[in-house]
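The listed protein sequences derive, respectively, from chains A and B. So in numbering that gives the first Met the number 0, spot 132 of the first sequence is number 131, and the numbers just go up one at a time. So in numbering that gives the first Met the number 0, spot 182 of the second sequence is number 181, and the numbers just go up one at a time.
Among the clues, some could well be false.
[What the hints assert, rightly or not] Restricting the straight-line Cα-Cα distance to at most 20 Å, the calculated cross-link-like pairs of lysine to aspartate or glutamate (DMTMM-like) are: (1) A:Lys310 to A:Asp258; (2) A:Lys310 to A:Glu236; (3) A:Lys60 to B:Asp244; (4) A:Lys184 to A:Asp201; (5) A:Lys227 to A:Glu306; (6) A:Lys184 to A:Asp203; (7) A:Lys60 to B:Asp89; (8) A:Lys227 to A:Asp207; (9) A:Lys184 to A:Asp172; (10) A:Lys21 to B:Glu247; (11) A:Lys60 to B:Glu247; (12) A:Lys188 to A:Asp201.
[Stated by the list, open to error] Stretch-level coverage of chain B by chain A, calculated; a stretch enters the list once three of its residues show a Cβ under 8 Å from a Cβ in chain A: (13) 94-101; (14) 187-195.
[Unchecked claim] Ranges of calculated distance between the beta carbons of each label pair, as one might list FRET restraints: (15) A:Thr189 to B:Asp244: 32 to 38 Å; (16) B:Ile41 to A:Ser119: 34 to 40 Å; (17) B:Thr54 to A:Asn76: 55 to 61 Å; (18) B:Ala203 to A:Asn76: 37 to 43 Å.
By construction, these hints were calculated from the structure, which means they are not laboratory data. Ideal Cβ placement from N, Cα and C applies to all residues, glycine included.
Here's the letter readout for the chains.
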Amino acid sequence: MPDTNTAPAIEATGLTKIFQDKAVALSPIDLTVRRGAIFGLIGPNGAGKTTAFRMLIGLQKPTAGEIMIFGERMHANASDLRKRIGYLPTAPRFPASATPIEHLRFVGQVSGLDDDLVASRSAVLLRDLDLLGAAGQRIGTFSTGMNTRLGIAASLMNDPELLIWDEPTTGLDPVGRRQVTDLIKSLGKTRTVVVSTHVLGDVDRVCDEVGILYRGRMIYSGPIGEMKRRVQSNTIELELDGDGSRVVQRGASWELGGDWEWQSPMLRVTLVDDAPLATAMSQLLALVADEGVALISINSGGNQLEEAFLKRLDEDRKGSILSGWGDG
Amino acid sequence: MVAFTNVIPPMSMTALRALINAEVVAMQRSWLVRAWVVFALITSLLPVLMVTDETEYVSEVIGGWLGLYFIASAIIAAIIGAGSTAQDTDVAADTILTRAVTRWDYVNAKLLTRFACVIVVHAAATMPLLFFARRFGLDDATTVGLLMATIITGMMLLFVTALGVALGTVLRNMIAAVVIIMIVFTLQGFIFDFLNMEFLSSGAVIEMLPEMIRGELGDWQQTRIVLAFGLGTVALSAAASYAFDQREF
Numbered sequence: 000m001p002d003t004n005t006a007p008a009i010e011a012t013g014l015t016k017i018f019q020d021k022a023v024a025l026s027p028i029d030l031t032v033r034r035g036a037i038f039g040l041i042g043p044n045g046a047g048k049t050t051a052f053r054m055l056i057g058l059q060k061p062t063a064g065e066i067m068i069f070g071e072r073m074h075a076n077a078s079d080l081r082k083r084i085g086y087l088p089t090a091p092r093f094p095a096s097a098t099p100i101e102h103l104r105f106v107g108q109v110s111g112l113d114d115d116l117v118a119s120r121s122a123v124l125l126r127d128l129d130l131l132g133a134a135g136q137r138i139g140t141f142s143t144g145m146n147t148r149l150g151i152a153a154s155l156m157n158d159p160e161l162l163i164w165d166e167p168t169t170g171l172d173p174v175g176r177r178q179v180t181d182l183i184k185s186l187g188k189t190r191t192v193v194v195s196t197h198v199l200g201d202v203d204r205v206c207d208e209v210g211i212l213y214r215g216r217m218i219y220s221g222p223i224g225e226m227k228r229r230v231q232s233n234t235i236e237l238e239l240d241g242d243g244s245r246v247v248q249r250g251a252s253w254e255l256g257g258d259w260e261w262q263s264p265m266l267r268v269t270l271v272d273d274a275p276l277a278t279a280m281s282q283l284l285a286l287v288a289d290e291g292v293a294l295i296s297i298n299s300g301g302n303q304l305e306e307a308f309l310k311r312l313d314e315d316r317k318g319s320i321l322s323g324w325g326d327g
Numbered sequence: 000m001v002a003f004t005n006v007i008p009p010m011s012m013t014a015l016r017a018l019i020n021a022e023v024v025a026m027q028r029s030w031l032v033r034a035w036v037v038f039a040l041i042t043s044l045l046p047v048l049m050v051t052d053e054t055e056y057v058s059e060v061i062g063g064w065l066g067l068y069f070i071a072s073a074i075i076a077a078i079i080g081a082g083s084t085a086q087d088t089d090v091a092a093d094t095i096l097t098r099a100v101t102r103w104d105y106v107n108a109k110l111l112t113r114f115a116c117v118i119v120v121h122a123a124a125t126m127p128l129l130f131f132a133r134r135f136g137l138d139d140a141t142t143v144g145l146l147m148a149t150i151i152t153g154m155m156l157l158f159v160t161a162l163g164v165a166l167g168t169v170l171r172n173m174i175a176a177v178v179i180i181m182i183v184f185t186l187q188g189f190i191f192d193f194l195n196m197e198f199l200s201s202g203a204v205i206e207m208l209p210e211m212i213r214g215e216l217g218d219w220q221q222t223r224i225v226l227a228f229g230l231g232t233v234a235l236s237a238a239a240s241y242a243f244d245q246r247e248f
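Excised from the complex, chain B in its bound form (with noise of 0.2 Å):
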């Protein structure tokens, strides 16, 4: 009846890459990818309406304008983040990690396509901001500072994204790990101000943006601030990983 031979070629990337198509397929259908997407683009022409008198400060602008987008954005990177490893995972034991994959295959696909996510819509919502503010507004702006803060609200996103994974894969409940994450986000500027580490809470980077944008932030705030949520992001990944590896299905 099935017969076929038995020959099966070596692997090398072939799992993850598949996986990750199968992810980057699954984020294209997703309504909450969808929504975000237009979210973002439409609200990113509101500071363009804003400077085209030339009356606005850049800097003020889209300090403002990045904020008020990494908060709403904030809370669906949580999502998407938790939700990668904490939903369906009957789905992931019955058809996934039954077959020629490892637990660290899975994660990573799960990790690079909504890293890749983040970093495609919050290109595709600054970029075009960013060269219609600076040729029709007040410019105060420099080039350094403006890629800095979208650079740094970026990596905010992502750091939010990995906290969302990490703490999906470890609660393996997607709405509980998002209302942490909000109530973290809610305490964070009293626990690090108590901590005398301000430059790590999100807040005070908002704070920070028009200053940053304008380049009056001085070189060591701007790097232990890349530096804090850089470093975070990829222990928060490397604990998802370990944690998702030692998940019993």
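One chain only, chain A, in its complex shape (with noise of 0.2 Å):
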């Protein structure tokens, strides 16, 4: 029996989902989310993200394989385990006669909570989830964004120590994207917080710990940076305003570069192995300089975790294939 105090959040081995014998949401996979990280699940529409967050909930069971929460076996009776749980659902849905005061009453009342800290939690909510405008509001009349929002709130209420969020930036707009990945921020200086997302952009933003899964198969779980130093190349865009091609002739006979790729308005160049990335930018823009042509923008590895995520995608495919031929 582990120790509950020192026992990793989630746990989670050999886990499985099997829909009606039909469909395999799951094949086993291990989870551990150390207490205190900010762990970003990524992965394809169909991954079994979704699945993934419901059976760590307590709301599907796992076909087989076992889910511990804080040392503790999750289950969906374990009531008293979702009270240390602050879940959000990908696009929410609450009774729609309701308002969001009503609401966060009844969520606060189910959590245990006495009505004063009801009343003024919900008061701190709605105004830090920018709902105070809609507080009176049915929430039928919501809009996806705003359902998010108040899911945010109703995931606060009971002042969780583990937050299991699935795409909490769901019909956001940029300013409401950027208050949310700032809010995951915030509460993982003091809690565990889980998040999964589409974009990975935030991911990067805000994750120290990330997790790839695809196809049901956990193909990458640990930090995120060691997640990126498998794809570093030392890679340089630079979008330009003028004829690239003029550029990519004189950089040919360039010892810094290795692979020049020019593919209108963007310049990709892949660096020697070993080459000084400050030189080799510096030399590289005295280049476009000399060729006449305009910089509009450089960028230099900026999307290392897109990369990383799709060349370990493409990594696993391509081993799935082969491990298939080998069975054959």
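With the hints as a guide, dock the two chains, each given alone in a separate frame, to form the complex.
Written out as structure tokens, the structure reads:
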């Protein structure tokens, strides 16, 4: 029996989900999220992220495997354990005829909070999530973004130690999205946060650990920095206004540049191994200036997470095919 | 931005109480329940008008009215029972079952509020009727007989409600559950007659009501009707709770 005070926030072993003997949503996955981590779960549509989350909160039962939350087994009736969790589903649905205040009161009462605490927390959450103006409005009239914000408020009502948020930026405008990512960062200082999202930039900005789910399998789980290092390739991307092919012609004989690619308006230079990035960048900028081409933007490895994600998916696809051949 | 002290009071019946409160509010807002109350109260006045000229026997009038009232109310009880766990399951999953509640808390809150609703409407419709009918009609009724007829009709309604909850939970479809209940009630007379257990048929029980009100029905006959519908309600409630506990969201 693990020590419930030191056990990881989430420890899932051999987690498998098969729906009605027809569809495999998750083939055995192991997932460990340490206490205090901000963990991002990423993967394409249908990868099994929502199924995994619904099992973590006890809405669905694993076909095989076990889920331990803070060292205790999660199951459908683990209400004491759920007191310590705040869950936000994808595109949450609420009682349409209730107002946000009524709904938050209900959530607070179910969580065992006294009336004063329910009232004060509701007010704080509605204010912080920009729902004060809609506090008396029926939830049925809410936009997707407002529903998501109300879902976030409801998930925080019981002041949980662990937050499990499935697509928390769904339906939000860029400002709302930034607010939510800032909120995740802020909440992550005092509690464990697990989020799933399609927006890799959000994960890059707030998460310190990441898991990649693909076709029901966890193909990577670990620190985000480690994942990025796997694809570090000293790539410089320049957005140019003009004919970049002239730069490519002159760069062909350049000793630092291994691979040059011009696809208007982007010039992509992949440096040879061990090429000093700062030196290469200054020389490249001088070359662009010599050719009289205007520079619009410059980027060196800004999409590392996306590249790492795509590379890992690609490796997995090839690996799957090869292992399939081997079995045959 | 958002910071609270991480203290949650110990819970006992907190979740169940909160769920029941929410269900009571939902039932008060339900147009079906409101229509049922109005229907029950208005129709309960009809037998009073019939007996005021003191030419009709109380047992026949009340027995007849209870039968008709049961048939109409059973349809409503089936709908409110079947809809309880078959409707708005997405909302339940997103907003309730992910909180500090057990599946049993949830389904028991549904059952208890629906049973309470049936009992309140039934009492509101029958109690004034019994008083006025005995006061103004040709009184061939016994007090125990009247109470038994009222209680047994109410128990049959609770049974239908529990059947609705159980079928709605298993089928996950309110309309299908209600249709099956109506088919079962149409065919039950033949089935129980064939099994020589006609006392389990609501049709047979309705026919016995005047006799019951006059105090002419044997104790054992009444006892086994009470036991059959009482135990049936308990069994269906347990089955609904178990089925809901096994359900995936």
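Results for each hint:
1. A:Lys310 to A:Asp258: holds, 18 Å
2. A:Lys310 to A:Glu236: With Cα atoms ~18 Å apart, lysine 310 of chain A and glutamate 236 of chain A stay inside 20 Å; holds.
3. A:Lys60 to B:Asp244: Distance of about 11 Å is within 20 Å: holds.
4. A:Lys184 to A:Asp201: holds, 11 Å
5. A:Lys227 to A:Glu306: holds, 8 Å
6. A:Lys184 to A:Asp203: The hint holds at about 11 Å.
7. A:Lys60 to B:Asp89: Satisfied, since the Cα-Cα distance of roughly 17 Å is no more than 20 Å.
8. A:Lys227 to A:Asp207: holds, 12 Å
9. A:Lys184 to A:Asp172: holds, 18 Å
10. A:Lys21 to B:Glu247: holds, 15 Å
11. A:Lys60 to B:Glu247: Satisfied, since the Cα-Cα distance of roughly 7 Å is no more than 20 Å.
12. A:Lys188 to A:Asp201: holds, 17 Å
13. 94-101: holds (count 8)
14. 187-195: n = 0 at 8 Å, threshold three: violated.
15. A:Thr189 to B:Asp244: 32 to 38 Å: holds, 34 Å
16. B:Ile41 to A:Ser119: 34 to 40 Å: violated, 46 Å
17. B:Thr54 to A:Asn76: 55 to 61 Å: Given a distance of about 60 Å, which is inside 55 to 61 Å, the answer is holds.
18. B:Ala203 to A:Asn76: 37 to 43 Å: Distance hint for alanine 203 of chain B, asparagine 76 of chain A holds at roughly 41 Å.
Checked against the numbered hints given earlier, this structure breaks hints 14 and 16; the rest are met.
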